[in-house]
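The lines below spell out each chain.
Protein chains: 2
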Amino acid sequence: PLRRRHHDRLVITLRPVLNILGLLIFGLGAGMLLPAVVDVAARNPDWQAFVISALFTGMSGLLLAISCAGELGSSLSIRQAFLLTALAWLTLPAFGALPFLWLGISYADAVFEAVSGFTTTGSTILIGLDGLAPGLLLWRSVLQWMGGVGIIVMALVLLPYLQVGGMQLFKTESSDKGEKVVSRSADLVRLIALIYFGLTMLCAALYWVTGMNAFDAVNHAMTTLSTGGYSTHDASFAYFTNPLTGWICIVFMIAGASPFSLMIQAMRGRPLLLWRDPQIKALLCLLAATSFVAAIYLGITQEIGLHEALLRTSFNFTSIVTTTGFALGDYTLWGPPIVGIVLMLTFAGGCTGSTSGGIKMFRFIVFFGTLRNHLRMMVRTHRVVSTRYADTQLTPDIAFSVLAFLVAYLGSVGAITLILTFFGLDAMTAITGAATAIGNVGPGLGDVIGPAGNFSSLPDGAKWVLSLAMLLGRLELFTVLVLLDPEFWSR
Amino acid sequence: PLRRRHHDRLVITLRPVLNILGLLIFGLGAGMLLPAVVDVAARNPDWQAFVISALFTGMSGLLLAISCAGELGSSLSIRQAFLLTALAWLTLPAFGALPFLWLGISYADAVFEAVSGFTTTGSTILIGLDGLAPGLLLWRSVLQWMGGVGIIVMALVLLPYLQVGGMQLFKTESSDKGEKVVSRSADLVRLIALIYFGLTMLCAALYWVTGMNAFDAVNHAMTTLSTGGYSTHDASFAYFTNPLTGWICIVFMIAGASPFSLMIQAMRGRPLLLWRDPQIKALLCLLAATSFVAAIYLGITQEIGLHEALLRTSFNFTSIVTTTGFALGDYTLWGPPIVGIVLMLTFAGGCTGSTSGGIKMFRFIVFFGTLRNHLRMMVRTHRVVSTRYADTQLTPDIAFSVLAFLVAYLGSVGAITLILTFFGLDAMTAITGAATAIGNVGPGLGDVIGPAGNFSSLPDGAKWVLSLAMLLGRLELFTVLVLLDPEFWSR
Ligand SMILES: [K+]
Ligand SMILES: [K+]
Chain C
363 PLRRRHHDRL VITLRPVLNI LGLLIFGLGA GMLLPAVVDV AARNPDWQAF
413 VISALFTGMS GLLLAISCAG ELGSSLSIRQ AFLLTALAWL TLPAFGALPF
463 LWLGISYADA VFEAVSGFTT TGSTILIGLD GLAPGLLLWR SVLQWMGGVG
513 IIVMALVLLP YLQVGGMQLF KTESSDKGEK VVSRSADLVR LIALIYFGLT
563 MLCAALYWVT GMNAFDAVNH AMTTLSTGGY STHDASFAYF TNPLTGWICI
613 VFMIAGASPF SLMIQAMRGR PLLLWRDPQI KALLCLLAAT SFVAAIYLGI
663 TQEIGLHEAL LRTSFNFTSI VTTTGFALGD YTLWGPPIVG IVLMLTFAGG
713 CTGSTSGGIK MFRFIVFFGT LRNHLRMMVR THRVVSTRYA DTQLTPDIAF
763 SVLAFLVAYL GSVGAITLIL TFFGLDAMTA ITGAATAIGN VGPGLGDVIG
813 PAGNFSSLPD GAKWVLSLAM LLGRLELFTV LVLLDPEFWS R
Chain V
363 PLRRRHHDRL VITLRPVLNI LGLLIFGLGA GMLLPAVVDV AARNPDWQAF
413 VISALFTGMS GLLLAISCAG ELGSSLSIRQ AFLLTALAWL TLPAFGALPF
463 LWLGISYADA VFEAVSGFTT TGSTILIGLD GLAPGLLLWR SVLQWMGGVG
513 IIVMALVLLP YLQVGGMQLF KTESSDKGEK VVSRSADLVR LIALIYFGLT
563 MLCAALYWVT GMNAFDAVNH AMTTLSTGGY STHDASFAYF TNPLTGWICI
613 VFMIAGASPF SLMIQAMRGR PLLLWRDPQI KALLCLLAAT SFVAAIYLGI
663 TQEIGLHEAL LRTSFNFTSI VTTTGFALGD YTLWGPPIVG IVLMLTFAGG
713 CTGSTSGGIK MFRFIVFFGT LRNHLRMMVR THRVVSTRYA DTQLTPDIAF
763 SVLAFLVAYL GSVGAITLIL TFFGLDAMTA ITGAATAIGN VGPGLGDVIG
813 PAGNFSSLPD GAKWVLSLAM LLGRLELFTV LVLLDPEFWS R
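Protein chains in written order, with the numbering used here: chain C, 363 to 853; chain V, 363 to 853.
Isolated chain C (complex conformation) (with noise of 0.2 Å):
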C-alpha cells in the first residue's frame, strides 16, 4: 500500500522514462568519440572537444540511468511512451550541441546545427564546409546517422501504438500490445540496425567506387540512407561530377525513405512486399512522373541533354520528397515550374517507418481514398462505402486520424509561417522556412534559404523557431501537442 501512495502522489512515473533517457544519452556520448579519433588522426586538436564533450554526455547519461534503474524491461504506458518520445529528442540534440558550442559556434547557431542534425532536417549555419575540421564534418553526419535510426525505431516501435496522425494501421505484433513495449521490441531494433548499418556501408562503398574519397564517402552515405542531407561540400551533390554517383545517391535516398519493417521481411525472403507496398508505389510514381515532366521541360528551355535534364530532376525531386535535402545545381534559377514543384514536393515526405520526414505516403493515400468516398456518400446518402488500405480496412478512427495530422500539419507551416515574419523574414523565406523545416528536409525556396543559401544570416529568434519547427515536425506533432494539453500533466 506504502508504493501505491507513492505511485499515486506522481501522475506519470518518471523513473522508467528517466532510464532509458539515460541510456540514449550515453550512446550518444559514445558517437561523439567517432570524430574525436577523426580529429586525432588528422592531427587537429579540435579532438579536446569532443572527448570533453563525449566525458560529460556520457557521463551525464550513465548517471541518469543508474540512478533510475530498476524498471528496464517493465511495461510503459502510454503517457510515459509520449514524454520519453519527446524529451529523448529535445535533450539529445541538446548535448549533441556541446561540440559545436565547445569551438566557438553561438549558442542559437550550435543548437539549430544540432536539432537540424539529430531531426535529420539537414538546414545548415555553417559556411565553407570545405575548409572545416574533419571532426566536425564527421560529427554532423553522425549526429544525422544516429537521429536516423532513432526515428525508425520510434516510427516502428513507438508511433503505432499512441496511434500518432494515423499510425495506428502500422500495428505490428511489437507495437500491438502496450505492456512490454520495451522488451518485445529490442528484436526489431537489432534487426533495424544491422539494415541501417549494412546499406550505409554498401552505399560508402559504392560512392567510393564511383569517385568519391573514403572520408566523403562514408560522410555522405550517412547523411543520404539517414535522409539527413548534410553535405561536406557547400556545393553539396554538385561537387561529384560522375553522374553515376548521383544516380546511386537517388538510389540509396529512397531506401532511407522506405518502410524498414519491409526491409526486415524483405531480408527473411519476401522482398516481394517491398514492390507491393502501396507507400513505395505512390512514392517512385510520384517521383516519376514529375521527374519526368520536369525534364521535359528543363530539356525545351535549357540547352541540355535528356540524361543530364533527367539526372538533374530527379536528384533534387527525390531528395525533396524523401526529405533528404541534397542539391545538385540552384534548381530555383531553372523557372517558375521547377520552383512550383519542389515547393509542393516539400510537403510529401517518403514512406512511414523510414527515416524521412514530411507529410508521408500512406497519408495521401489514405486521404484520397477517404475522400472519394466522403463525395460519393454525400450523393448516394444510403450507401456505405467502405475504404482499404492494401489489405486492411480503414476504420472512421484511423482516416479521422490522418485528416486530422494533415490539418494539424498545414495549419502549423501557416502558425510557423506567421511566427517567422515577425522576425523581420520576407513572405518566401517564411513558408519555406516553415515548411522545410516540418517536413524535415533542409533547403527552402528564394534568396535566402534556397539549395544555394544558407541560414546563419536568419536571426537569432527564427533559428529557435526553426529549431522548435524541426522537432515538432520530426515527432509527428501530435506527440508534442498532446504535451501542451494541462490534461495530459492531471490525474
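Please note that the accuracy of each hint is not assured.
Copies of the same chain look alike in the list, so a pair counts if it works inside one copy or between any two.
Unchecked claim - Each computed SDA-like pair below joins lysine to any residue, with the alpha-carbon atoms no more than 25 Å apart:
#1 Lys533 / Leu494
#2 Lys533 / Pro758
#3 Lys643 / Leu564
#4 Lys533 / Asn735
#5 Lys533 / Phe762
Calculated from the structure, these hints are not laboratory results. Keep in mind that this is a model prediction, so the values were computed, not measured.
Place chain V with the ligands on chain C using the hints.
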C-alpha cells in the same frame, strides 16, 4: 409506367434544374438593364451593349425556363441540387461576361472579370477604373451584389441539405427535408433579399453622408455587403479620405460576413442570437486581436498615430477576413509581420451563411474542438469525450466533413499554385493568387497581384485557371468535386 421508364433512361432528370436555371438567367438579364439606364442618363453609347446583352440573356433564360416548365415546386433530388448549383455558377458568369465582351475586352479577361464579380472575389483585370463609363462600373457592382445574395441563399438552403464540408451543422426547417426544398425556401429567400437590400441602402446612405458621391456610395455599398470588393477607383478605399467612411465600411463588411439566418432571427426580435453566435464571436476576436497587435507594430515602426494605425489595420484585416478585398493603402509595404498576418488571414473567411468566402469561422471552431478531443483520446484511450458547437452535439460525421473540407481546401490551393507556376508565375504570385481566388478574397501579395497591383498582366492561361479556382472556392469545393466522380453520372 411509361413516365417511369422515361425517368429510368435519363440518369438525372434535368427539367426542373434547367427550369430554375432559366429563371436565374432571366433575372441576370433583367439586372443588365440597370447599367443600361445609367449609361443612357450619362449619355454614354455603352448603353447599347447592356441592352443587347440584356435582351439576349433575358430571352435565353426565358426560353430555357419555359421549355422546361411544369415541374417547378416539386422536389429536387440530391444530384439535381448539386447540378443546379454548379450549372448556375458556371452559366451566370458566362452571360454576365457578355457586356464586357461587347465593350471590347478580350474573352479571357471578360470571363475573368465576370467570374470574379459573380463569385464576389473582386480581383480585377481593368486598369484606370476612375476613367471608365458609369454603366461598366455599375455592372461590376451589380454582378457582385447578385452573386452575394445568390451565395447566401445557396448556403442557407442548398448546402446544408447537401452536407457540404460540415454545413449539415446548419440544417434548418428549410434545408432539413429533402422534399420541396424549392417551394419551402421561397419565404426564406424573400426575407434574405429584404435584409440584404435594406442593409445595402443603409450602407449607401451612410457612405453618401460621410462624403461619397451618390454613384460611388451605391456602388461601394453593393460591393461591401456582398463582400465583393470591386471599387470605382484604382486607389480602392484610399480614395475616400474621411476616416468615418472607413469605419462604416468595416461595420458593413462584417455585416456582409455574418450569418443571414441570424439576421432574420434578429429582425424577428431576437438580436441577442447574433451576439451569442460562436462564428461572430470568433470573427470579432480574430479581427480585434490581429488589428490591435499590428496597430502597435505600425505605431512603433511608422510615424503614425494610434487611431490612424488602428483604422489601417482593422480596415485591411476586416477586408481580408470577410473576403471583401478593399484596400486602404498598400499594406505589403508595412513590414513582414503585416504581410505574414494578411497571408494567414487570406485563408480565414467570415461566417457561413453569409456572402463571404474562405474557410469560414465555424470550421476553425469545429477543428480546434475535435483536435483537442482527439489529443485527449490518444492519451486516455478509454475515455470518450464529446465536442459541441454552440448547443449542438458534434457528430463524428460533421467533424469528418469539416476535416475533409479543410484538407481539400488547402490541397486545392497547393494544386492551383502548382498549375499557375506552369504559366510562368513566380512562387509568391502563384501561392497568393491561388489562395485569394479559392477564398474569393480579391487581392494577393507580391508585386504583381498585391493590393496595389492588378491581374491584367497575367497570361490568359493563368486567368482561366484562376476563374476556375474562384468557382471552385465559391461552390465550397465538394459541390464541384462530386461532379468529377464518374459515379455521380452513373445509375
Ligand atoms: K533532410
Ligand atoms: K472579395
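Results of checking the hints against the structure:
1. Lys533 / Leu494: Neither, since 44 Å and 66 Å both go past 25 Å.
2. Lys533 / Pro758: Classified as both: same-chain Cα gap 16 Å, cross-chain 23 Å, threshold 25 Å.
3. Lys643 / Leu564: Cα proximity of Lys643 and Leu564: one copy only (24 Å, versus 60 Å across).
4. Lys533 / Asn735: Answer is both; intra-copy 24 Å and inter-copy 22 Å each pass.
5. Lys533 / Phe762: both (17 Å within a copy, 23 Å between copies)
When the structure is compared with the earlier hints, a violation turns up for hint 1 alone.
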